[in-house]
Amino acid sequence: MMTNMTPEELAKVLDRALPSGSQARLASSGSAADPLVQAALEVANAPRPVLTDAAKSRMAAKMFAALDALPATPTVEAPPTQTITETPPPPSLTPSVLPRRPINFLLTGIAASAAAVLLVVVGMLAVLDNRNAAPTPTSPSVALLNTDEPTETPTTEVTAQPTEESTEFPTTEPTEFSTDEPTEAPTVQATEEPTVIPTVQPTKAPTQAPTVQPTEEPTSAPTQAPTERPTSAPNRVTEEPNLSTPRETVFIIEGQVEEVLETGVVIAGFEVKLSERHPLLRVLRAGDWVRVEGKFVDEDDAPGNAGGLPSFVLDLTETDIILDNPTEADNVVEVSPDGEVWRDDGTCRNPPPSWATGGGWQERCGTAGGGNTDGNPGQGQGQGNNNGNNSNNPGQGQGNNNAGGLGQGNENNNSGGQGQGQGNNNGGGGGGQGQGNGGGQPPRP
Amino acid sequence: MNIDSIIDQARHGQREAVSTLYEMFVERIFRYIAYRVDSDADAEDLTAEVFVKMVEGLPQYTSTGVPFEAWLYRIASARVIDYRRRSNRRPSTDLSDNLSDEGDSPEDHIQNQEEAEGMRRAFALLNGEQQQVLILRIIERKSHQEVADVMGKSVTAVKSIQHRALQVLAGQLGETKVRHYVRGVKDDD
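So the sequences go chain by chain: A and B. The first sequence begins at 1 in the working numbering and counts up one residue at a time. The second sequence begins at 1 in the working numbering and counts up one residue at a time.
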């Protein structure tokens with residue numbers, strides 16, 4: 001994996017091969033001469049995640065639920081007299097999301113129908129109550145409600161004459177998710193009888209008299225809360241039962257290795273027995289995060305289980321062990337065809353054997369600079385002498401930030417590795433920031 | 001209607017505008033996340049969180065010249081980081097159930113699954129910045145400048161990150177010897 005391209009040159013090549021704005025899949029990615037370009041083409045040709053309609057629906061539901069849960073935001077300042085003409089709704093993107101999810105949005109549909117019923121009732125009340133001289137403020141919610149599903153252009157023209165200016169977003173209309181009838185509703189003063197009632201038809205006739213009552217004062221706080229929410233994504237099933245072998249249970253343990261034994265490891269107090277030949281047994285370290293799968297050994301068969309207590313020995317001689325450390329370099333293990341194992345220990349002191357690729361190690365240490373061969377390039381800076389390590393690096397320059405902690409202070413850098421000495425701290429601890437003398441004992445091997 | 005107008009309406013709680021923004025960006029955000037987490041189910045959860053954060057943050061949103069999309073990507077990036085912190089693990093085993101092309105034959109589907117798994121594993125070797133650069137530049141096909149805008153970095157820095165990321169990937173993609181796991185064997189094998 002050699003390349004002579006600089007980042008700038010690579011960028012230019014990729015600009016030609018993968019121009020921005022295009023989404024074309026490349027016909028072939030196997031002919032690129034440069035490995036970096038080849039890698040880029042493989043990424044470009046990788047299968048794309050496809051967002052299913054169901055997933056999109058679930059996410060939309062969560063988002064709108066959050067939107068509904070927000071406190072009312074001043075959105076529309078109603079003028080003292082506002083004529084609201086119902087017009088055909090603009091193309092609503094919400095329906096483009098919703099109709100494809102009939103199950104999830106069944107309640108929404110019911111709620112919308114209820115809202116439509118309410119609208120008709122409100123309209124009728126407005127007609128019947130048109131003798132009232134001082135109507136309470138209404139809101140553009142009439143129009144909002146009608147944006148959902150009118151099938152023809154209504155000609156109703158309603159004039160709302162609020163008695164006082166309200167800057168609150170409509171609070172008394174049900175939302176899409178609402179199934180409750182509102183406890184308060186605006187009174188709408190119609191200037192003339194509507195000639196056409198919006199064609200949204202309720203799915204059921206109301207079974208009881210509407211409880212909508214005119215109010216005298218507008219409320220400022222939302223009174224409606226969604227009562228039904230589409231359910232969230234179903235819980236994922238991590239292990240499917242194997243119906244063909246119902247009595248064979250597979251255990252999965254994820255956790256930190258507490259101890260490495262001759263024939264296994266201890267994870268979270270559980271002894272996990274491994275094959276003595278299991279290659280990972282040779283490279284696992286206490287502190288590793290692992291995920292192991294295996295079968296439970298009957299307690300009578302468990303080694304060393306002479307008593308009647310349940311055994312916590314898992315026989316994992318036929319299983320996968322997955323290193324799961326947060327730091328990716330700690331997860332790199334290579335196995336040769338003849339069973340040799342090499343594990344990157346995160347430093348530069350353990351180079352890969354010839355049969356291993358050692359990608360991470362090469363990346364980290366193959367072009368090492370700065371005079372230090374211990375650990376990842378870090379942020380350490382400082383000055384001072386550092387005679388304590390074998391490589392006798394100058395005390396200035398790049399430091400290392402190994403897995404250990406930060407060194408500070410003016411102490412000498414002893415073999416423990418804590419402390420000082422900038423530049424390099426091969427003693428096993430972390431290089432760090434600071435100043436001072438790094439003299440001291442040679443580092444630990 | 002331009003994006004600023006839509007954003008302004010969405011800031012004021014208009015559902016249609018919010019819905020428009022969702023439709024515009026949901027797939028991009030999902031893809032951005034999907035390569036960086038264990039499974040599509042996790043990607044879905046995090047994508048939903050991003051848009052919940054969006055609607056919660058919209059009232060306070062003010063345009064600072066950075067594209068709105070960049071804001072969403074940053075929310076998404078934070079969600080991924082938080083996800084990693086919560087789970088304390090890197091992408092490992094879960095196979096995608098959605099990473100496929102439409103109309104695949106079963107054979108193609110399996111191959112795509114394998115490729116997708118390999119890609120996720122390969123991406124797991126990259127740090128967050130490297131993942132972001134490759135996803136935005138190579139998968140989303142944004143220009144280096146656009147990537148720089150999203151990430152708040154210089155174009156030079158983006159190119160450098162891209163170079164290092166591809167170096168890592170070049171050493172891993174298609175390489176079968178490197179494993180994060182090894183299969184155990186029975187003693188009597």
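FYI, nobody ran anything at the bench for these hints, they're computed from the structure. Check before you lean on any hint, since a few could be wrong.
[To be verified] Here are the simulated SDA-like pairs of lysine to any residue, each with C-alpha atoms no more than 25 Å apart in a straight line:
no. : chain 1 : residue 1 : chain 2 : residue 2
1   : A       : LYS273    : B       : GLU146
2   : B       : LYS53     : A       : ASP53
3   : B       : LYS153    : A       : ASP15
4   : B       : LYS153    : A       : ASP53
5   : A       : LYS12     : B       : LYS53
6   : A       : LYS12     : B       : GLU146
7   : B       : LYS53     : A       : GLU8
8   : A       : LYS273    : B       : ALA157
9   : A       : LYS12     : B       : PRO59
10  : B       : LYS53     : A       : VAL50
11  : A       : LYS12     : B       : GLU16
12  : A       : LYS12     : B       : VAL155
13  : B       : LYS153    : A       : VAL50
14  : A       : LYS12     : B       : GLN145
15  : B       : LYS53     : A       : THR52
16  : B       : LYS153    : A       : PRO19
17  : B       : LYS153    : A       : LEU41
18  : B       : LYS153    : A       : ALA11
19  : B       : LYS153    : A       : ARG16
20  : B       : LYS153    : A       : ASP68
[Stated by the list, open to error] Covered stretches of chain A (chain B as the covering partner; in silico rule of three or more C-beta atoms under 8 Å from a C-beta of chain B):
no. : region
21  : 14-21
22  : 259-267
For each residue, glycine too, the CB sits at the ideal point set by N, CA and C.
Okay, which hints does this one fail, numbers in order? Of the numbered hints, 1, 4, 5, 7, 8, 9, 11, 13, 20 and 22 do not hold.
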